[in-house]
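2 protein chains.
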Amino acid sequence: MTLDSAGLQVLSRAECLALLASVPVGRIVFTDRALPAVQPVGFVLDGEDVVIRTTAGSRLAFAARNAVVAFEADEFDARMSTGWSVTMVGHARAVQDLAEIERLSLLPLTPWAPGAREQFIVMCPQEISGRRIHAETLLR
Amino acid sequence: MTLDSAGLQVLSRAECLALLASVPVGRIVFTDRALPAVQPVGFVLDGEDVVIRTTAGSRLAFAARNAVVAFEADEFDARMSTGWSVTMVGHARAVQDLAEIERLSLLPLTPWAPGAREQFIVMCPQEISGRRIHAETLLR
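In order, the protein sequence lines correspond to chains A and B. Per the numbering used here, the very first residue in the first sequence carries number 757; after that it's consecutive. Per the numbering used here, the very first residue in the second sequence carries number 757; after that it's consecutive.
Since the hints were derived computationally from the structure, they do not count as laboratory data. Remember, it's a predicted structure, so these values are computed and weren't measured experimentally. For every residue, glycine included, the Cβ atom is placed at its ideal position computed from N, Cα and C. Take these hints with a grain of salt, some might be off.
Under 8 Å between C-beta atoms, here's a sample of chain B residues computed to sit facing chain A [claimed, not checked]:
#: 1; residue: THR758
#: 2; residue: ALA762
#: 3; residue: VAL766
#: 4; residue: ALA770
#: 5; residue: ARG783
#: 6; residue: VAL785
#: 7; residue: THR787
#: 8; residue: LEU791
#: 9; residue: ALA793
#: 10; residue: PRO796
#: 11; residue: GLU828
#: 12; residue: ASP830
#: 13; residue: LEU862
Just so you have them, the derived chain B footprint on chain A, three or more residues with Cβ under 8 Å [said to hold, decoys possible]:
#: 14; region: 793-806
#: 15; region: 821-832
#: 16; region: 845-856
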């Protein structure tokens with residue numbers, strides 16, 4: 757088990773992707789008028805790409821249509837003794853190609869919020885990193 | 757009930773603060789070498805300020821010592837039909853004053869990750885916003 761300088765277990769790329777695939781909601785991190793912004797989103801993995809749907813014209817659609825963004829998902833237990841977190845950083849783009857929209861529409865991406873969400877955003881990760889906390893690392 | 761353009765319930769500042777106080781882990785969003793970055797952190801509220809502890813010299817300590825950051829916490833149920841999210845944006849600073857460190861040390865801030873976490877970071881929110889999803893808004 758590889759530990760980082762803070763004593764957290766470093767997850768492999770495969771472990772990160774498997775954990776991401778196990779949760780329906782993550783958080784996209786972007787820049788909005790030069791300020792850091794974060795928004796929970798339902799997502800699905802398409803290979804290693806993160807696929808989300810948003811409303812055309814939304815703050816997120818505008819900020820993520822051609823930008824470097826971060827994406828994070830995590831799970832922590834109630835007692836906070838175990839958990840994991842995965843973060844990706846990569847280039848996001850708004851999908852315009854009709855054939856690609858048709859293909860992405862078939863993915864099991866259930867919106868967690870109401871509203872028309874006709875704009876697909878795809879983020880291709882250049883960096884994937886993840887950490888796991890074990891109860892035993894807390895006891896060191 | 758006030759709904760935003762996406763059909764989500766807009767939470768009051770008081771509701772946002774009460775929800776934040778109900779969870780032990782949030783996510784701090786900052787800029788790291790000009791890229792968006794996000795990291796889960798244990799936190800506690802001190803009035804309206806978010807207080808976290810990190811390792812002196814960490815990436816987070818460096819990025820958040822005198823910068824505008826965002827902070828987010830949320831809860832979604834497993835079926836994704838209900839949930840809430842609160843986001844703050846504000847100025848973060850690394851606490852240097854010994855009397856303030858002593859006072860902050862008394863707060864019920866349990867680290868969720870191992871390691872020495874001797875650096876307090878305090879974020880004073882300039883903006884607080886929150887949304888709640890109800891099952892009924894999904895059924896519209």
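Each hint, compared with the structure:
Of the supplied interface hints, the one on THR758 of chain B is violated, with its beta-carbon coming no nearer than about 14 Å to a beta-carbon of chain A, more than 8 Å. Checking ALA762 of chain B against chain A: minimum C-beta separation of about 4 Å stays under 8 Å; hint holds. Annotation: VAL766 of chain B was flagged as interfacial toward chain A, and the flag is violated, the nearest CB pair being 13 Å apart, outside 8 Å. Against a cut-off of 8 Å between C-beta atoms, the interface hint on ALA770 of chain B is violated, since the closest Cβ of chain A lies about 21 Å away.
This hint holds: ARG783 of chain B has a C-beta 6 Å from the nearest C-beta of chain A, less than the 8 Å allowed. Against a cut-off of 8 Å between C-beta atoms, the interface hint on VAL785 of chain B holds, since the closest Cβ of chain A lies about 5 Å away. The beta carbon of THR787 of chain B is positioned within 8 Å of a beta carbon in chain A (closest approach about 6 Å), and the interface hint is therefore held. Evaluation of the LEU791 of chain B hint against chain A yields a held restraint, the C-beta minimum of about 6 Å falling below 8 Å.
Because the smallest distance between the Cβ of ALA793 of chain B and any Cβ of chain A comes to about 6 Å, under 8 Å, the interface hint for this residue holds. For PRO796 of chain B, the suggested interface contact is upheld, since its CB lies about 5 Å from the closest CB of chain A, less than 8 Å. Interface hint at GLU828 of chain B: satisfied, since its Cβ lies 4 Å from the closest Cβ of chain A, which is below the 8 Å cut-off. Residue-level restraint check for ASP830 of chain B holds (minimum Cβ-Cβ distance to chain A is 5 Å; threshold 8 Å).
At about 19 Å, the closest approach between the beta carbon of LEU862 of chain B and any beta carbon in chain A exceeds 8 Å, and the interface hint on this residue is violated. With 5 residues bearing a CB less than 8 Å from a CB of chain B, the region 793-806 of chain A meets the requirement of three and the coverage assertion stands. Here the region 821-832 of chain A counts 6 residues with a CB under 8 Å from a CB of chain B, which clears the bar of 3, and the coverage holds. With 1 residues bearing a CB less than 8 Å from a CB of chain B, the region 845-856 of chain A misses the requirement of three and the coverage assertion fails.
Figure legend: structure checked against the earlier numbered hints; hints not met, in rising order: 1, 3, 4, 13 and 16.
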